Amino acid sequence: MQVPAQFEYARATSVAHAIDLLRRHGPESRLVAGGHSLIPMMKLRIANPETLIDINDLAELTRIGLDSGLLRIGALVRHAELLDSAVVGEHFAIFRDAERVIADPIVRNWGTVGGSLCQADPSEDLSAAFSAVRAIAVIQGADGERTVPVREFHTGPYQTVVGAAEILTELRVPIRPGGGSAYTKVERRAGDWAVAAAGAVLWLDGNTVSDVGIGLTAVGAAHFAAEEAEDFLRGRPATEESFAAAGRIAAAHCNPVADQRGPVDYKRHLAGELTTRALRRAAARAAGAAVETEGA
Amino acid sequence: MQITVTVNGAERTVEVEPRLLLVHLLRDHLGLTGTHWGCDTSNCGTCVVWFDGTPVKSCTVLAAMADGHEVRTVEDLATADGLDPIQQAFSDHHGLQCGFCTPGMLMTGRWLLDRNPDPSEQEIREAISGQVCRCTGYQNIVRSVRAAAELSQVKGARA
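The listed protein sequences correspond, in order, to chains E and B. Read in UniProt numbering, the first sequence has 251 at position 251, and its numbers run on one by one without any break. Read in UniProt numbering, the second sequence has 14 at position 14, and its numbers run on one by one without any break.
Just so you know, the hints here were simulated from the structure itself, not pulled from any lab data. Computed from a predicted structure; not experimentally measured. There may be inaccurate statements among the hints.
[As the list claims (entries may be wrong)] Which stretches of chain E does chain B cover? Using the computed rule of at least three CB atoms under 8 Å from a CB of chain B, they are:
#, segment
1, 2-14
2, 51-60
3, 67-73
4, 106-119
5, 210-217
[Stated by the list, open to error] If you anchor each label on the Cβ, the simulated ranges turn out as follows:
#, chain 1, residue 1, chain 2, residue 2, range
6, B, 94, E, 248, 43 to 53 Å
7, E, 14, B, 1, 16 to 26 Å
8, E, 259, B, 17, 55 to 65 Å
9, E, 148, B, 136, 45 to 55 Å
10, E, 189, B, 120, 13 to 23 Å
[Claimed, not checked] Computed far set for chain E versus chain B, every beta-carbon distance over 10 Å:
#, residue
11, 25
12, 87
13, 220
14, 244
Glycine included, every Cβ here is placed at the ideal spot set by N, Cα and C.
Generate the whole structure from the sequences, applying the supplied hints.
This is the structure we're talking about:
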């Protein structure tokens, strides 16, 4: 039987209370929401927090909404809620695509958007999706709120800019008309972490790519992004040739490592191919085509 | 710490350690051994119970998190009138072999049918995609959930 080592438990009743609890319990305290990464790590003694601060009651962090040109997603939104959200699906199909292949339906009922980002697993899917759409992370501490671009949110594997007495409260995604987005992933079996995955968002001006965002996960891409491929595509025609070339550039600039999910050359190949496929699907959606979300 | 959880409609107050997992609260403290404890890593899904009406993997939920909340386990499916249609269908269609995954499959199957009374085979397969049958008896599990949908529709039509 695997159980965590002993710890103290406190339940936060508001964001301010959570921050106060973090300050009082010190740097060995951790926030917990879904706990689907943290609790298994505690069972294995990879993580040994002295105090867990339960934030599941913070209803203020559970909202999804539109507000002055921004899609706002609370950090405590469950994966299943992001998947089912009509407003998210309407503006950013990339999240619907990604959520459909994150873990499994039961885990998605409990795991949270904010928890996934703060866990900062280098193979995490939403990190790539939020990187693709250039989301803004909202972080609150005792001295107030600050915003950080998601592309500057992760400082390394399992590390983020969120301080010891701070809490990620929200993701904000700027909405611009004329775009389309998609996410595509290769996994060993349903519900597994990605061998590699790519997300793309693309805006068209006629048949010209006016702007583009490309996110990559599990392949060692800096900031979960393929910035060289984005730079290449901007201003080019939205054609198969352009998307294939962008895929090759993305593959060349990522740094996958060999592990039980595959060797380096295979992952690099996937990074390129999945980038091309995500761009193709995003472009079709930007042009108004109905492109179904791929199943698990 | 003391927690009060509504389990299958009844309030239960228990003294627990913060590190106690929900699955062990149910099995070891409340004697509800219908919920099984399997992989311990939220992969296998035999520990699925409903938390405020939504299925979760109880090996990865702290009992403390359930304080003030409602939990429903497989013991709550059958009523004085008999088995729930999902249980009857698993019995009729050989939806279990060793039975280890069954409590989780039943709780997810019931939840699926409550939300989608007429699921396709693909929808059923997706719903149970986070649950492992170590007998690999998936064909009959899918057939059983489908049969439960039809059984419920027949019952509904008669009512």
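Okay, the hints, checked on the actual structure:
1. 2-14: holds (count 9)
2. 51-60: It holds, with 3 qualifying residues against the three required.
3. 67-73: With 0 residues closer than 8 Å to chain B, the segment 67-73 of chain E misses the three-residue bar; violated.
4. 106-119: Check passed, 4 qualifying residues.
5. 210-217: violated (count 0)
6. 94/B <-> 248/E: 43 to 53 Å: holds (52 Å)
7. 14/E <-> 1/B: 16 to 26 Å: Taking Cβ atoms as reference, residue 14/E and residue 1/B lie about 21 Å apart, which means the hint holds.
8. 259/E <-> 17/B: 55 to 65 Å: Given a distance of about 35 Å, which is not inside 55 to 65 Å, the answer is violated.
9. 148/E <-> 136/B: 45 to 55 Å: holds (46 Å)
10. 189/E <-> 120/B: 13 to 23 Å: holds (21 Å)
11. 25: holds (13 Å)
12. 87: It holds; residue 87/E is separated from chain B by about 20 Å at its closest Cβ, greater than 10 Å.
13. 220: Nearest chain B Cβ is 25 Å from residue 220/E, so the label holds.
14. 244: holds (31 Å)
In this structure, the hints that do not hold are numbers 3, 5, 8, in rising order.
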